[in-house]
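Asks: Could you slot chain B onto chain A? The hints should help.
What follows is the residue order along each chain.
Protein chains: 2
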Amino acid sequence: MKQYSQMNKAELTDVKNEMDRTFSKYSESGRKLNMTRGVPSDEQLALCNDMLTCLCASDYISANGTDCRNYGGIDGIPEMKKIFADLLDLTQDEVIVGGNSSLALMFDNVAVNMSHGVREGLPWQSQGKVKFLCPAPGYDRHFTICKYFHIEMIPVAMGNEGPDMDTVEKMVSSDPMIKGIWCVPRYSNPTGIIYSDETVRRFAKLKPAADDFRIYWDNAYAFHDLDSQNAKILNIIRLCEEYGNPNMPLVFASFSKVSFAGASVTCMASSKSNCEYIRKRLTVQTIGPDKLNQLRHARFFKDAAGVMTHMEKHAAILRPKFKLVSDTLHRELDGLGIAGWTEPAGGYFVSFNAQEGCAKRIVALCAQAGVALTPAGATYPNGNDPQDRNIRIAPTCPPLDELKSALEIFCAAVKLASIEKCLRGINN
Amino acid sequence: MKQYSQMNKAELTDVKNEMDRTFSKYSESGRKLNMTRGVPSDEQLALCNDMLTCLCASDYISANGTDCRNYGGIDGIPEMKKIFADLLDLTQDEVIVGGNSSLALMFDNVAVNMSHGVREGLPWQSQGKVKFLCPAPGYDRHFTICKYFHIEMIPVAMGNEGPDMDTVEKMVSSDPMIKGIWCVPRYSNPTGIIYSDETVRRFAKLKPAADDFRIYWDNAYAFHDLDSQNAKILNIIRLCEEYGNPNMPLVFASFSKVSFAGASVTCMASSKSNCEYIRKRLTVQTIGPDKLNQLRHARFFKDAAGVMTHMEKHAAILRPKFKLVSDTLHRELDGLGIAGWTEPAGGYFVSFNAQEGCAKRIVALCAQAGVALTPAGATYPNGNDPQDRNIRIAPTCPPLDELKSALEIFCAAVKLASIEKCLRGINN
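Chains as they are written, first to last, in the numbering used here: chain A, 1413 to 1840; chain B, 1413 to 1840.
Okay, chain A solo, but in the shape it has when bound (with noise of 0.2 Å):
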């Protein structure tokens, strides 16, 4: 295969010329194929079907004597504790479990940490420039949470250990009003990799300048693996009580990708100390997270166990979309010199690079062929990517043939588009 920058005008107009022509076939075929987000399949839903009748009616009683169907419990029934407690190798006593959204959890702490502060601390908002460190391609929703906030969100480089530690550490160190970072530690969003142990040991070891500086620790996928070798990260919270940050991370966990992703319980985990302050507040804003269906799930999956093996179904499932997402990428893309792509083992995302310039317009033709994807920039703070080269391609919600019908039509748009540039750098 020749790359595209070694062809001359006349090569390059041909492979424009089929390349356009197979687009008009796409866009009349009247197609709508969507790899936007990161969704389970119906497939993936429907193994937890049984979950719909696990409770019979007279099953409502946890096991510390709570009545689930009544007032009470701020902080989650004790299977569910226990359930997360085990599968992120933390106590009780250091996990809160909530309702149906981990970012609601997220968007929370970030809104009383602004307006009341960290523990005892000055509201943030009171101290001037609240900034956050954002590691990019990242997850566009916290982003959207920083922005809501008027956080000015500084991009940091994400490599295939993680966040750049070298600028993190700098950063963090030098400026108090740098006040978070956002981390999803493993098949982080969109790239898929994860952090490894020396990323984290250097998380644990921050001197920040900032007393009320924190670590938002989405661990949103932190049972999703498409292999059973189950990467592990090292612990973060136990790793920050050892170099004397203890209350520095705060973790996050959701199961909407392991049981029903409209009707699933998340867990927020911190130091027993910083669990107790959010206890207490949590009395002030709510009378507590649905309990009925915490039992729902501590019935379904029974223990920690439990869940790990039900996400070896989820696996089943998406192992053939990633691994035909890759061999898609390599057929079609191999040798052309146009684009990188991240083959990650577990999570929800491949993280696909185009030359410089690219992205937007691919989106565009994907668009146009009537395939929705997540908009080019997305991944970046504030929705611009300064080299507008990443896409974050979404594979898992789509059946596998509608997969393949797109990712075949992602893959003429990227050839389309790097023509075109190519193009336009010799005529210029």
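Because the hints were derived from the structure by calculation, they are not lab data.
Be aware that a few hints might be false.
Quick list of in silico lysine to aspartate or glutamate cross-link-like pairs, DMTMM-like style, CA-CA up to 20 Å [stated by the list, open to error]:
(1) B:Lys1692 to A:Asp1552
(2) A:Lys1444 to B:Asp1479
(3) B:Lys1559 to A:Glu1532
Example chain A residues on the side facing chain B (calculated, C-beta under 10 Å, incomplete) [said to hold, decoys possible]:
(4) Gly1450
(5) Leu1457
(6) Cys1468
(7) Ile1566
(8) Gln1697
Bear in mind the structure is a predicted one, so any value in this text is a computation, not a measurement.
Idealized CB from N, CA, C, for every residue including glycine.
Replies: Frame of chain A; chain B shown alone:
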């Protein structure tokens, strides 16, 4: 029955000695009775046990085709929106269905108005010292939200038709830092009164000095009648529209005391335009409420009429309890000139007024005798009942025999505290 105020010292001392003996016996009996909060009883909760099994394993698609197991739908499924809209006499686009806690919706709304302002307005917190009018006696959790946000609470007297509207009108129209008022318009917590048509109309006609003033209309007992007369309140949203204040009211309702307090659905309602603002924010804040629990509620209740029929079953359980309160208080306290109380036709509470300076003593005496009551003062901002008179009686949870014992002890405590007061008066 001779009024205590007309007894001489010897007579009072006789009664006191008798009551002291009675109390010693109570205290020795080791009772544990609880009338602290408005909690549904086991018998009420059991009315909904079939909801635990009402979804079968293939029932998860809502009326608009949404798969309730998956992501999507920020403001509730159409079935639940319709039920709430019909119950509140609103349209579906005036309703946002949330999760398990209406308190969380209220907290959230205050939080956002503090930090980001109302619609395009300035954040409340940036305008100076925010104040709320707090009709009192009122609901302690409303006051706790204000306290959390350092909002100054201005008590307003509650009458039989609602808050003292002369005061409300005067203050709201003259002070631009008054940004809100807490209302429980139907079976008010704790007095059980229903806002009269005139009161609701005067609310709708308010001319606030602040254009970002909001009425927090916590219609917590919207469907919670003790008899079938269904005393109505006027529709605050329609009336505000009519009087040119369409965005002023924020209405809250909850199924916590309809289905399961620990796993219910709640809603907020406001103008279509306000709801559009709120939906936009919710997409930043959460991936959405538990849709399967909404579907469960929709299947179980079917429609608004189903809810109202169900509420009659609650009423049948609660009527004897409220009757027992009324009968016992009349039997034990009539003619003594030491107490007054409300006799509500719905809701969850009886508001009891002792003689000035006696409420704390009564609650303490009850605690000694094993009867837990809502702390005296809790029904006033900052827990401070200036006259130390008001006690909230919550008769719904205990079984009838326990309620009988608790009320007897309560009445004895009222007598003893009143005698002590009379004796202090004579001795001074």
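Asks: Look at each hint and say if it fits the structure.
Replies: Hints, verified against the model:
{"no.": "1", "hint": "B:Lys1692 to A:Asp1552", "result": "16 Å, holds"}
{"no.": "2", "hint": "A:Lys1444 to B:Asp1479", "result": "18 Å, holds"}
{"no.": "3", "hint": "B:Lys1559 to A:Glu1532", "result": "16 Å, holds"}
{"no.": "4", "hint": "Gly1450", "result": "9 Å, holds"}
{"no.": "5", "hint": "Leu1457", "result": "4 Å, holds"}
{"no.": "6", "hint": "Cys1468", "result": "6 Å, holds"}
{"no.": "7", "hint": "Ile1566", "result": "20 Å, violated"}
{"no.": "8", "hint": "Gln1697", "result": "5 Å, holds"}
Taken one by one, the earlier hints fail for this structure only at number 7.
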